[in-house]
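Asker: Each chain, letter by letter, is given below.
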Amino acid sequence: MRHVRHRSSLLVVVLALALIAAACGGGGGKKNNAAPTENARKGGTVTLSAEQELDCAAFLATCGNSLWGTFALGQHVLPLTYNIDPTTGKQVATNLLAGPATLETSPVQKITYKINPAAKWSDGQPITSTDFKFTWQTIVNRDDSYDKTGYKNIDSVDDSVPSTAVVTFKQGQPFGDWRSLFAGFFGLVPSHILQGKDVTAEMTNGFTWSGGPWKLDHWTKGQELVLVPNENYWGQKPNMDKVVFKFITDTAAESQAFKTGQVALMQPQPQLEQTQIKALPNVTTIANDRFDYEAIWFNTDKPPVNSKAVRQALAYATDRQAIVTQLFGPLKPDIRPIQSFTTAANKAYYQQDFARYTRDLAKVDSTMKGDGWAKGPDGIWAKGGQKANLVISSTTGNKRRELTEQILQSQWKEAGFNLTVDNKKSGVLFGELLPAGSYQISLYAQTPSDGDPTNAGGCSNFCSENIPKQPALSGNNYTRISDPALDTVLRNVDNELDEAKRLSEFKKESAMLADDVPALPLDPLFQPVYYYNNRLGGVVDNPVYGSFSTLAKWFCKSPSC
Amino acid sequence: MLTFVARRIVFSIPVLLIASVLVFFFVRETTDPLARLRAGTKDPTTLVREKHRLGLDKPLPTQYTHWLKDFVQLKWGTSFVTNRSVAADMKSRFWNTVQLIFWGILLSGITAIAIGVYSAARQYSALDYTFTGLSFVGLSMPPFWFALMAIQFLVFAPKNWLHLQNPIFYSVGIHSAANAGAVDYARHLALPVLVLSVQLIAGWSRYQRASMLDVMSADYIRTARAKGVSRRAVLFKHALRNALIPLVTVMAIDIGALFGGLIITETIFAWPGMGQFFVTAITNGDTNVILPWLMVVATFIIGFNLFADVLYGALDPRIRMA
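So the sequences go chain by chain: A and B. Residues in the first sequence are numbered from 3 upward in steps of one, following this note's numbering. Residues in the second sequence are numbered from 332 upward in steps of one, following this note's numbering.
One thing to keep in mind: the hints can contain errors.
Here are the computed lysine to aspartate or glutamate pairs in the EDC-like style, where the Cα-Cα straight-line distance is at most 20 Å [to be verified]: (1) Lys-304(A) with Asp-517(A); (2) Lys-135(A) with Asp-157(A); (3) Lys-427(A) with Asp-363(B); (4) Lys-244(A) with Asp-515(B); (5) Lys-112(A) with Asp-160(A); (6) Lys-382(B) with Asp-373(A); (7) Lys-426(A) with Asp-515(B); (8) Lys-427(A) with Asp-515(B); (9) Lys-415(A) with Asp-355(A); (10) Lys-422(B) with Asp-57(A); (11) Lys-280(A) with Asp-303(A); (12) Lys-382(B) with Asp-500(A).
Keep in mind the hints are simulated off the structure, nothing from the lab.
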């Protein structure tokens with residue numbers, strides 16, 4: 003009996019040691035942490051957390067429009083013509099092309115893509131102009147395409163020479179943001195595999211073909227998606243053997259998984275609670291600006307914000323620096339409010355026109371008085387019996403936005419405006435109130451798909467023809483600003499193909515918007531990236547496509563990271 | 332015996348039907364299948380078209396009969412959120428929950444029986460008092476609190492104290508990666524199983540103790556001892572067999588309830604099972620998932636209650652005659 007007990011105890015000890023040894027993983031404990039090296043080590047498996055799971059992998063279709071779908075799969079397997087350079091924020095030709103595409107502007111817009119002769123699909127078939135043509139036809143001909151913008155302007159794609167795709171636009175329908183074609187969230191799909199098939203159905207549950215550095219190993223729904231290197235990739239081969247995206251959709255569980263080391267990297271929505279994570283040993287935080295931003299949007303049809311003077315006065319009444327510091331300061335101490343309808347990450351087009359609006363109560367007084375307003379005994383502005391009572395609506399349940407509203411209430415009260423909060427469910431706000439114009443002031447974000455000026459404010463947000471109208475209420479100009487001079491400039495930006503002229507027109511646009519104040523740009527919405535620097539190396543962020551776009555360059559500092 | 336089983340099955344059918352009516356009308360009244368579409372589309376004709384396609388423009392009783400017919404044929408449609416087959420997703424989630432329940436039941440059953448037998452055999456001993464105290468602690472401890480404590484003291488603390496790269500026990504998910512091996516699986520399984528087992532062990536060990544004490548005071552046990560049968564043989568061959576009958580039936584009922592009752596444990600440990608599936612569906616108002624989920628769980632609860640009845644009948648012939 004004693005002997006048995008002794009064996010049991012020994013077994014327990016051995017088991018405990020085995021578990022501890024397993025917990026140490028390949029990387030060992032802290033001892034190994036002291037020897038970080040930036041030499042890219044080959045091999046290893048990394049586990050990353052994904053806070054959302056992709057709905058489907060048919061990236062050309064509506065169901066494939068999830069950002070996390072692009073993060074975890076799309077951008078690693080679909081060949082793209084252009085990408086965002088993380089250092090300059092500019093769109094640059096990828097190694098799919100032999101060089102930057104050439105643009106002809108007359109008599110009609112024509113783009114010539116010279117395909118890199120080394121470019122091939124994972125099955126060894128070359129990537130050809132037929133793939134360009136097939137992708138274009140798929141996007142424009144299918145009813146379930148996510149976005150046909152730009153593609154519907156194309157008249158033809160000449161694939162007579164396999165190594166050269168010539169895209170010709172329709173007469174009078176130039177497309178300024180042409181670098182976003184066959185790029186961004188829409189990469190090429192292989193015609194030799196998908197021709198004659200239902201492309202959405204073929205891709206929905208994942209696919210093993212690839213034209214990028216990685217290919218899909220497996221996707222276990224609800225659990226994980228695993229990438230392995232594409233052996234036939236013609237560019238720099240990935241350093242790691244395997245990348246596991248674990249779907250951890252619960253915010254608390256994601257933080258827990260990171261804190262306990264179960265995942266080596268996470269890219270969550272910014273929350274003040276993450277200051278604890280930032281303070282963990284061996285954790286590197288990337289908190290770069292993205293192109294996404296939040297703004298305070300005014301319904302220019304609703305009094306009193308139908309008055310430009312009132313909107314300007316509200317801009318002078320707002321201490322935007324104090325708001326962004328309170329919202330994001332602990333996570334990103336150097337954060338600044340944005341001064342145009344794009345962020346500082348968009349280095350080519352970022353403007354400073356809204357910088358004139360710093361909190362200045364004297365200017366509030368002079369602007370309001372100039373518009374015929376006078377302060378009542380309660381300290382609130384009034385004009386013709388109408389008080390400056392304002393209502394702001396945002397999405398319910400978003401603590402950050404609720405905090406912003408509370409700060410605005412305090413700041414604007416001091417300036418003579420009475421602000422009440424009436425938040426709605428996101429479906430009601432975006433699906434009903436904003437399109438129907440049934441709001442006065444709103445707080446929400448914009449997510450541009452790239453840094454092109456078409457997406458930075460742009461005609462879709464501020465042209466009068468895009469004011470939603472009954473019955474369909476289509477159009478995205480929820481501010482309902484209608485200014486013929488602004489319309490002209492906005493259209494010029496969209497249609498101009500000469501970069502210098504575009505920039506010049508964009509500057510005019512930005513200045514006019516800062517004068518009209520249909521919205522007040524507030525904060526750059528950054529998505530922080532946290533990773534263990536003693537386990538992972540080579541992580542570089544990208545302002546649009548996130549840190550995952552550089553996944554092929556990442557490396558494990560130990561066999562299991 | 333067959334008549335007994337058949338009678339019990341026939342009684343279960345109206346219960347299931349009533350459950351389906353309640354589930355259907357409750358879900359239809361509280362969630363809007365078109366909520367996401369309303370948020371996304373700007374075209375009112377789309378809503379009308381979808382309403383017609385989903386049969387939502389028909390009277391509720393008609394909708395119910397159509398839904399029931401599809402449910403029985405396993406035509407559960409696709410999730411409004413993920414567009415994936417609900418039946419396929421449910422199958423995978425169900426399997427994950429089965430794994431959790433299997434290991435939980437195994438651990439809880441063995442431990443509870445061992446504790447129950449010991450406590451009955453050594454009634455009023457120091458260890459009996461200890462087990463009694465611990466079982467009350469286990470019964471009164473909320474699973475979410477115990478789960479958080481387990482994470483703090485079995486995941487964070489050893490990792491920090493021993494300066495490990497990874498924790499000894501994982502607290503998120505079912506494995507680190509597919510084919511990560513049995514050890515990795517065990518490290519993920521340990522804490523959810525522990526949390527699931529605490530209350531089960533506490534409850535079942537009390538049942539087992541009471542049942543054992545009841546049996547051991549029976550005349551036939553006293554007779555067996557008087558005839559010189561050893562204490563060990565009496566305990567395990569005569570008393571335990573009979574004392575297990577009530578526990579087995581309780582276990583059968585509890586297992587049925589566990590299929591839908593692991594919401595907290597699965598949420599805390601991000602275990603991709605039925606509980607987490609339900610929480611996600613409720614959060615997203617995904618009626619195509621909520622309806623079959625509730626029905627599957629109701630079926631299991633009713634099914635395991637039926638099983639408990641049959642089992643009890645099989646183990647104790649007197650019940651069959653009742």
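Asker: Give a verdict on every hint.
Answerer: Okay, the hints, checked on the actual structure:
1. Lys-304(A) with Asp-517(A): 18 Å, holds
2. Lys-135(A) with Asp-157(A): With a Cα-Cα distance of about 11 Å, the restraint between Lys-135(A) and Asp-157(A) holds, given a limit of 20 Å.
3. Lys-427(A) with Asp-363(B): 14 Å, holds
4. Lys-244(A) with Asp-515(B): Holds: Lys-244(A) and Asp-515(B) sit about 17 Å apart, inside 20 Å.
5. Lys-112(A) with Asp-160(A): 11 Å, holds
6. Lys-382(B) with Asp-373(A): 49 Å, violated
7. Lys-426(A) with Asp-515(B): 44 Å, violated
8. Lys-427(A) with Asp-515(B): 41 Å, violated
9. Lys-415(A) with Asp-355(A): 25 Å, violated
10. Lys-422(B) with Asp-57(A): 18 Å, holds
11. Lys-280(A) with Asp-303(A): 44 Å, violated
12. Lys-382(B) with Asp-500(A): 48 Å, violated
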